[in-house]
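Engineer: Line by line, the protein sequences are chains A and B. Counting with numbering that gives the first Met the number 0, you get residues 0 to 380 for the letters of the first sequence. Counting with numbering that gives the first Met the number 0, you get residues 0 to 476 for the letters of the second sequence.
Hint data in this document are derived by calculation from the structure and do not stem from the laboratory. Watch out, some of these pointers could steer you wrong.
[Unchecked claim] On the chain A side, residues computed to face chain B include the following (Cβ under 7 Å):
1. 73
2. 76
3. 83
[Said to hold, decoys possible] 30 Å max Cα-Cα, derived DSSO-like pairs, lysine-lysine:
4. B/117 x A/57
5. B/186 x B/430
6. A/11 x B/186
7. A/12 x B/186
8. B/430 x A/11
9. B/144 x B/305
10. A/112 x A/188
11. A/182 x A/112
12. B/430 x A/12
13. B/187 x A/11
14. B/187 x B/305
15. A/335 x A/263
16. B/269 x A/12
17. B/269 x A/11
18. B/346 x B/269
We treat Cβ as the ideally placed atom computed from N, Cα and C, and that holds for glycine.
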Amino acid sequence: MEERPVWENRIKKATALLLAGMVLLLAALFFIMDKKEFSENENRYLAKFPSMSLEGIKSGEYMSGLESYLADHFPFRDFFMGIKTKAEMYAGKKKINGIYIAEDGYLIEAYEKPENTERIGQILGSFAKELEGQDVDLCLMLVPTAIYVYGEKLPGRAPVRNQMETAEIVYSLSGIRAVDCSKDLFAYKEKGELYYKTDHHWTTLGAYAGYTAYCREMGLDAVALEEMEAQTVTEDFRGTVYSKAGDYGREGDAITIYRNPADKLTVEYADTGETSNSLYNLEYVDEKDKYSLFLDNLHSLIEITNENADSDRELVLVKDSYANSMVPFLVHHYEKIYVFDTRYYKQGVSAFIKEHPEVTDVLLLYNMNTLDNDLGIRGVY
Amino acid sequence: MVFSSIPFLFFFLPLCLILYYAVPYECFSIKSWKNMVLLVFSLAFYAWGEPVYILLMFFATAVDYCNGRLMERFGTTRGRRKFFLVCSVAVNLSVLAFFKYADFLIATLGGIFSIPLKPLGLGLPVGISFFTFQTMSYSIDLYRKEVPMERNYLNYLTYVSMFPQLVAGPIVRYSVVNEELRTRRIKKEEVREGLFRFMQGLFKKVLIANQAGALWEEIRMLEAGEASVATAWLGAAAFTLQLYFDFSAYSDMAIGMGKMLGFHFPENFKYPLSAISVTDFWRRWHISLSTWFRDYVYIPLGGNRKGTARHLRNMLVVWFLTGLWHGASWNFVLWGLYYGALLALEKYVWGKALDALPKIVRHCYLLLIVVVGFVIFVFDDMGALGIYFRSMAGMAGNRLWGGECLWYLENYMAVLLAAAVLSFPVYPWVKNRIGRMGDKGRTAASAVSMAGYILLFLVTVAFLVNDTYNPFLYFRF
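Bound conformation, chain B alone (with noise of 0.2 Å):
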């Protein structure tokens, strides 16, 4: 079940919240009927995608929650915690390893020593790769005495299975939410806030992420040489803005959900398309995941402070990781290395002469870099990856310019157009500006927003009603 979709907004969420705001926090001695309500529902909605699979998260959870009581119970010295430490880390990376990866390395090797091994064929669990993320950033915190330990299954197992940032992210950490977990407050302003926050991802998923990738689909299907230059770079951009656009969305709604539940998420995208350097890139882009490497990965290898040479190994461990993180093949691998290539370049090589160069130049070689990066990303054959690459090329016998760009350029406008306004902080710019009008000018602005979301909703029903191209792009992750 996607966010974007009639059951779940329709029917799962309403009812969700019409539950949890029905009971109370506490009756009968039981702590938390709130926390009931939204782990059953949570349950429900990962066993609507995956009624198997929900055994494993039983599993991964336990086993964390096992440990933290035994590294409080028995971890009285630094070695004994390390104990419990690795035995947690190690059980979720073979979980994550035999279900997401196996087929990956049987492949490899196969490749590698050409011997005929057979594929365990296993569907990947939605979502593994972000609750093994927290579940182990719960196990490390509590090594390093950052969080309390978690005395409550239950408790535990409603923060791994929330089900607003379960399969697509945040990867919300277990010292962000274990106060909230206990104790929160629901304000009126804050769920009205965080019902405007899930509509805005679900118009930006629909009306945005769902055409643009539309587009994408599209010039993809043209033969190599059918697709000028010009529509190559197109299509790129378009998948681009897709992506982009479906994550932030899918941030946004978890983000609102959260609100409305009375958690509060951290921002997992600010603008990245905007950024003017691949580092500030990836400090806009995909937050929870690049900063639980830094955390969890770069800072405990010793970060840069070790010297050139163990800075660039680090680097590469890092990144190498992030790559394959986002699915079991060797393009997300190679995705991850050109990052980790251009990020030690900017640091070591050209980053001084980067700052000197204007802003938009700067911005304009960052795009570029981003656009050819999720080049990468798309294609996880290489062959049709190298086809694509002389397409924009334009070394596959195509031309410069063709008329067929200038076709989906006047079908896709308006879309591509709202999207490439909304890649820049614009909307928080005019927020800004109306929150400093006076009282007339603020009722207006108040005023048109509210027909901007009626009718913004109505279209977006419409979408999904006449349910077209909606796809869910993190099923690989």
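Just chain A, with the same shape it has in the complex (with noise of 0.2 Å):
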């Protein structure tokens, strides 16, 4: 047989050591390693080691989650998400975990095939009818997310279902009253940008124009956005669809609060005690999440009342995290705003507006991303 080069076969050899050693070197790293509880980057808990039982090792569930602990603290996690956002990227991938990588610096969510349309239309008809016979003005509005407003920005042919048209069918499901504000975002396009570039989330920009269709819907005479105070609080927010799609190194949105000098605000956070007297907490300014500086993040109940408003009505918002950056527009035409999330607060809205007879309207907000995929809206009823 014929002898092989020298230089081949040792260049065989060490290929075959390199990726034994690769795999060793990263089996140790993981021991050696710290591990982190808490993930900034995905802005999620990463598991923890799972608790030993004979009922979890015969259900299999010890070693499932087993296999999420080690994948979850595995060495240079975030490292590794970027190089295979990368590689799809090189691979001509325009749409990589469910988010597309949009022109102008947008990445935007998909919007995935609806499961939950007429599971979601009848809840919100059943609490419609619960609060038959008491006086209040009941309005559900669902709000198209970036990949509506924002359908010219992605990249072509993607195929892209219709937000508003399952909206229409829980509006007509429901028989609730509907605020569109899809128009008004349409008609606020030129004014700035609607949604966070890299975040799931509509804007301070994008929240006002939801109001003005509320108000127009209600004829409330909405604030001029010029008669508020605005403030940059920060220009490097990088929110959850940075991080799911991995493509890091983009740059940050900026994000702009605004605050009317005429409200006197007293915010209580029924469910943790705290009061305060602004919308924002700025500590989270600091940190990855920095959307949740908008009354705090999650809170199943909060009270907010505000002295100096231009009527002595009182609203309930149910609503999931779409709202919390449209209620500092909201609170100078109520007296008093509760605030209900309703993937916590687990008592019924309904009962709750039923003790309280000075509630005279009820708002249901949602976004359509959320509205499926979360079932917390299954709290309302």
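Two independent chains are provided; combine them into the complex using the hints.
Structural biologist: And the structure:
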């Protein structure tokens, strides 16, 4: 047999050793390196080491828990996630981890096929039925996400479902008076960015557009944006969509907040018992998830009182996080706003409304993405 | 635990190999410590996914082991040997029938006689079809006196449970490994080759099969009218590529790990998508299964030697069973019979005419059959299957061509191209060419291959860490 050239052989040996070495090195680093509890980048708690039990082993739960633990604490996890995205981008992919790499620096979350439209329509319908006989104005506002308003920025030919068609179905199934803000959002497109480039939320300008739609529907006098004090609190907000896409190194967004100098506010967080005179918690500016500065992130019930409101009406606001940046505009019109997050408030909002006859308005506000995949809305009824 | 996962790749496999290489074959007069290590890890591997059903594997192997000993002890005549063989096969088939096909049978009977029967709802033990077929091969070969009896139960259990081939094949027969179970030489060079082979399988699974699978998942989610005819065909092609690359990647990884452990498993796939007839395809696709059916069912039934009628009957039986083996559902049976019919047609009707056609035409003919076949394979709901076929035929009110097809092509171009190229024996061809080059060329080629391995390894790990779509497709087998 012919002898292989020496160098070819050596290089092959080296390749095998390198591959084996990388496996062993990464495995060793897994044990050596410090484990993080929380991933700033992904904005979630990482898996904990599963506790061992006979039941857990028999059902296989222990093993799958261990597998998630290993994956979550893998050395250089963020680095590898970035590599994956880069590799996919080089391969020509324009939709990565459910995020479209869109034009003008936008990362836009996909709108997957809605699965729960009928159920949600029914739940909302039952909620409306509960409130029959109560003297309240009930409205439903379904906010489109960036994929609808900024459809033209998506990569060409991307197949997109029309969010507002689904919204129409929910409106008609629920039978609740609809506040359609999609046209207002289109009208505000020229005035600035309506959605963050790196986050799934609307900007405060987007929220303002939504607010004008609500005012129009309810016959309220919208406060002009110029009358409010604007403050840019950060310029490097890299949000959820940024983390999900994994295309690191992009520029962050600015967050501008608005305050109405005329308002005199008391904000009470019912679950923690804390009280504040601001709708913003600016401590979040130094954290990863800066959008949480609106209404201090997640609370089951927040009670907001405005001594200088332009009416003595009271509003119950049932919502997801989109509403958090719209509340600063709404407070001017209501002496009191009760803000409910039905993912955490479990005592039933309709019961609350019945116990509080002074409530005059009820607004349900959800964005079209959360509506379908976060079933917190079930808690409404 | 799938091979292409962080726990397996970084913890299970390295730990197993280190211990395996560290212990000697023989010490304190216990033969083969290496087998012990392999056995313990194999049992842990199976118990990881099936903590309860591991008892079933103990049972099945114990029955066949005892049967083998009894056959050798008392099987003085052919008739007696046959008795033990029938016992063994009956037990294995009952186990398989009970755990895999009971609910299918119940549903079918309930459907025919329209009586509401309650399904048993047993979870299917992973790999049951693989390991029952392996233990049966031992009993049958022993009956035929083609292999010696296994005296050591632990050795036998090691053979059946051996983790590289336990859950997704190849179906390694006892006759192939019985000598290596006792004595084998672990050569450095083979360990290295095994490592490369394993890595190739890993890359194929993670970077090609999973990506093609993601494309298929996207397309199958579309409503019937949304997908143009072109997209429906693209989806079917994507699933074909997913299944081939996934399945052959598992075999690559199994063969590679086998080599690292000193075993030589048979090849299971020989570029089936480059075949030029259905007959050719089945000589290249899941070889260990088709040869199993050939040697243990088709030939004993008489094969093609007893006239056309008997031959057709035998083909019907074999392909009905081959289909059913893939899962307890009618679509798998249909898929098997589809191939049985096509093979019969090639043999008796158009085989000669086909041979006269240019190669490229025969190749297109085969690809068309395979792609349509895997659509039958993937839908276990006949209604959904019908809808998808209508989509492919343009009878779902869909257009011939749509922008969405271009979108999928753009997004998955790299994967589809790589898959298409690697479906043909390009890699062996390149290797062969390099082998004939001079020293300099070969050194350069090995340097390029080194860079390729390292790069692909890092990208593969990145895909594994991101934990996206990484399915195990054989839970129904």
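Engineer: If a hint holds in the structure, say so; if it does not, say that too.
Structural biologist: Here is what the structure says about each hint:
1. 73: Residue 73 of chain A check passes; min Cβ-Cβ to chain B is 5 Å, inside 7 Å.
2. 76: For residue 76 of chain A, the interface hint holds, since the closest Cβ of chain B sits about 6 Å away, which is under 7 Å.
3. 83: Holds. Min distance 4 Å.
4. B/117 x A/57: Satisfied, since the Cα-Cα distance of roughly 25 Å is no more than 30 Å.
5. B/186 x B/430: holds (22 Å)
6. A/11 x B/186: holds (15 Å)
7. A/12 x B/186: holds (13 Å)
8. B/430 x A/11: Holds, at about 14 Å.
9. B/144 x B/305: Roughly 25 Å separates the two Cα atoms, so the pair holds.
10. A/112 x A/188: Roughly 26 Å between the alpha carbons, so the hint for residue 112 of chain A and residue 188 of chain A holds.
11. A/182 x A/112: At roughly 23 Å apart (the allowed maximum being 30 Å), residue 112 of chain A and residue 182 of chain A satisfy the hint.
12. B/430 x A/12: holds (17 Å)
13. B/187 x A/11: holds (12 Å)
14. B/187 x B/305: Violated. Residue 187 of chain B to residue 305 of chain B sits at ~50 Å, over the 30 Å cutoff.
15. A/335 x A/263: The given pair, whose Cα atoms are some 12 Å apart, holds under the 30 Å limit.
16. B/269 x A/12: Judged against 30 Å, a Cα distance of about 27 Å means the pair holds.
17. B/269 x A/11: Distance ~25 Å between residue 269 of chain B and residue 11 of chain A Cα, so the pair holds.
18. B/346 x B/269: At roughly 22 Å apart (the allowed maximum being 30 Å), residue 269 of chain B and residue 346 of chain B satisfy the hint.
Checked against the numbered hints listed earlier, the structure breaks hint 14 alone; every other hint is satisfied.
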